[in-house]
Amino acid sequence: MKLLHLVRRGAKAFIQVQREKATGMLDFELKELENIFALLLLGGFAGIPSPPAPIAIELLPYLEREIVVLLARSDLSTDAIGALMGMLEID
Amino acid sequence: MSPHISHKTAFFLGKGGVGKTTLSASFALALARAGYKVLAASLDPAHNLGDALGLKLKSEPQHVEPNLDALEIDLDAWVNTYLEESRSQLKSTYSYNVTLNLDSFFKILKYSPGTEEYAMLWAIEDIHCNLAPLYDVVVLDTPPTALSLRFLSLPTISGLWVKELAKLRETILSKRNTIVRLNPDSPVKESCLDKDDDKVYGKLSSIRQRLGTLEHLFQKESFLNVIVNPDDLSVSEALRIKDELDRLEIPISTICLNKRGMVNGQWHIHQSLASIPLFSFDFESNGIRTRDQLTELGIQPLIDIFFKKGSLSA
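Those protein sequences? They're chains A and B, same order as listed. If you're matching positions, the first sequence starts at 43 in the numbering used here and goes up one per residue. If you're matching positions, the second sequence starts at 12 in the numbering used here and goes up one per residue.
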């Protein structure tokens, strides 16, 4: 009974790992898209062509996740290749 | 009188000092005295419409005379209203962030490029959606060219941005959906997955709809008059207005030559403007001091073409 339980848990963990691997690239792509979305909206403050500031201000209250992603991405901006290698699990 | 006019909003555009306020006041008065219910609204921060009509105007419609109401939009109040709405939304969303000094941030935003034009746009939307249904005709006296062209171009330009942002948002939502389908335990499931629940997509759609209404108003429902004087400067500015409005697909209905006879000598309209109906109004050397004098400018031909273009059936 205990063995069966352990096997089940192991199989579940294995499936979850495979799921994480399968969605890793999509997750990276999603974060990039969210980053671009926030950059497009808020880039005007940093000199990037962007829609009129009032549109950004109207959307600002709902952009919490995108701003978190933007800030996290800006931390990695000096090491973009490192971030990509990490995502592809290349040591 | 219950007329049907498809172009029920008349704009008067042109260089500063050419006579936009005088002609818009004269146009509004003549229509009101002909029995149409008219609202004259000044969008010009200089606010001379009240002086022309001989009445102190406010941001709410004031009764000028039978069938004629007038107002001056309070741009500062619109900027404050718009910023206050965003500020309260931001405060409720980011309430945990006590270090975010929103008040000082919003004081600066008041001077951010584009804020004034946006406030003007929402003021026009308010007039178009809430006040215009109460009147047969709305006459808008606009600020000088630069500001007018900026607010006329905003719906088209911002509309393009919002369209592209909405497309990108759809891609983001579709990616989130795919990730959650493949990996139901992914942290992405905490984010919005559906267009109907996503507040960003909802806000983009509502901005797009509002901008679309204004774009339609400018392109399809407006009777747009460009005022010039018999001088090269105002004509050069009219040419710039035409170029810009052509790009925005906003048609110019008429060119109004105001202050005819102010200068001696021959004067001809530029050939690029020659295809647009031209109406002339004589220079009043003694000035215009009363409402009755405003109606003596000879505005009737302009009203006739307004009715013609607007398919009026009185």
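If you are wondering where the hints come from, they were derived from the structure by calculation, not from laboratory data. The structure displayed is predicted, hence computed values, not measured ones. Certain hints may be false.
Claimed, not checked - List time: in silico DSS-like cross-link candidates among lysine-lysine, alpha-carbon distance up to 25 Å:
| # | chain 1 | residue 1 | chain 2 | residue 2 |
| --- | --- | --- | --- | --- |
| 1 | B | 253 | B | 48 |
| 2 | B | 69 | B | 48 |
| 3 | B | 178 | B | 206 |
| 4 | A | 44 | A | 54 |
| 5 | B | 206 | A | 73 |
| 6 | B | 320 | B | 231 |
| 7 | B | 178 | A | 73 |
| 8 | B | 174 | B | 210 |
| 9 | B | 210 | B | 178 |
| 10 | B | 118 | B | 102 |
| 11 | B | 253 | B | 319 |
| 12 | B | 319 | B | 231 |
| 13 | B | 48 | B | 231 |
| 14 | B | 200 | A | 54 |
| 15 | B | 200 | A | 63 |
| 16 | B | 118 | B | 174 |
| 17 | B | 200 | B | 231 |
| 18 | B | 206 | B | 174 |
| 19 | A | 73 | B | 174 |
| 20 | B | 210 | A | 73 |
| 21 | A | 73 | B | 200 |
Hint by hint, here is what the structure shows:
1. 253(B) to 48(B): violated, 30 Å
2. 69(B) to 48(B): holds, 19 Å
3. 178(B) to 206(B): The hint holds at about 11 Å.
4. 44(A) to 54(A): Given that 25 Å is the threshold and the Cα spacing comes to 15 Å, the pair holds.
5. 206(B) to 73(A): Measuring from Cα to Cα gives roughly 18 Å; hence the hint holds.
6. 320(B) to 231(B): holds, 11 Å
7. 178(B) to 73(A): holds, 16 Å
8. 174(B) to 210(B): Holds - the C-alpha atoms of residue 210(B) and residue 174(B) are around 16 Å apart, at most 25 Å.
9. 210(B) to 178(B): holds, 15 Å
10. 118(B) to 102(B): holds, 15 Å
11. 253(B) to 319(B): Satisfied, since the Cα-Cα distance of roughly 22 Å is no more than 25 Å.
12. 319(B) to 231(B): This hinted pair holds, its Cα atoms lying about 15 Å apart.
13. 48(B) to 231(B): holds, 21 Å
14. 200(B) to 54(A): holds, 19 Å
15. 200(B) to 63(A): holds, 17 Å
16. 118(B) to 174(B): violated, 29 Å
17. 200(B) to 231(B): Not satisfied, since the Cα-Cα distance of roughly 44 Å exceeds 25 Å.
18. 206(B) to 174(B): This hinted pair holds, its Cα atoms lying about 15 Å apart.
19. 73(A) to 174(B): holds, 21 Å
20. 210(B) to 73(A): It holds: about 18 Å lies between the C-alpha atoms, which stays within 25 Å.
21. 73(A) to 200(B): holds, 14 Å
Of the hints listed earlier, those the structure fails to meet are numbers 1, 16 and 17, in rising order.
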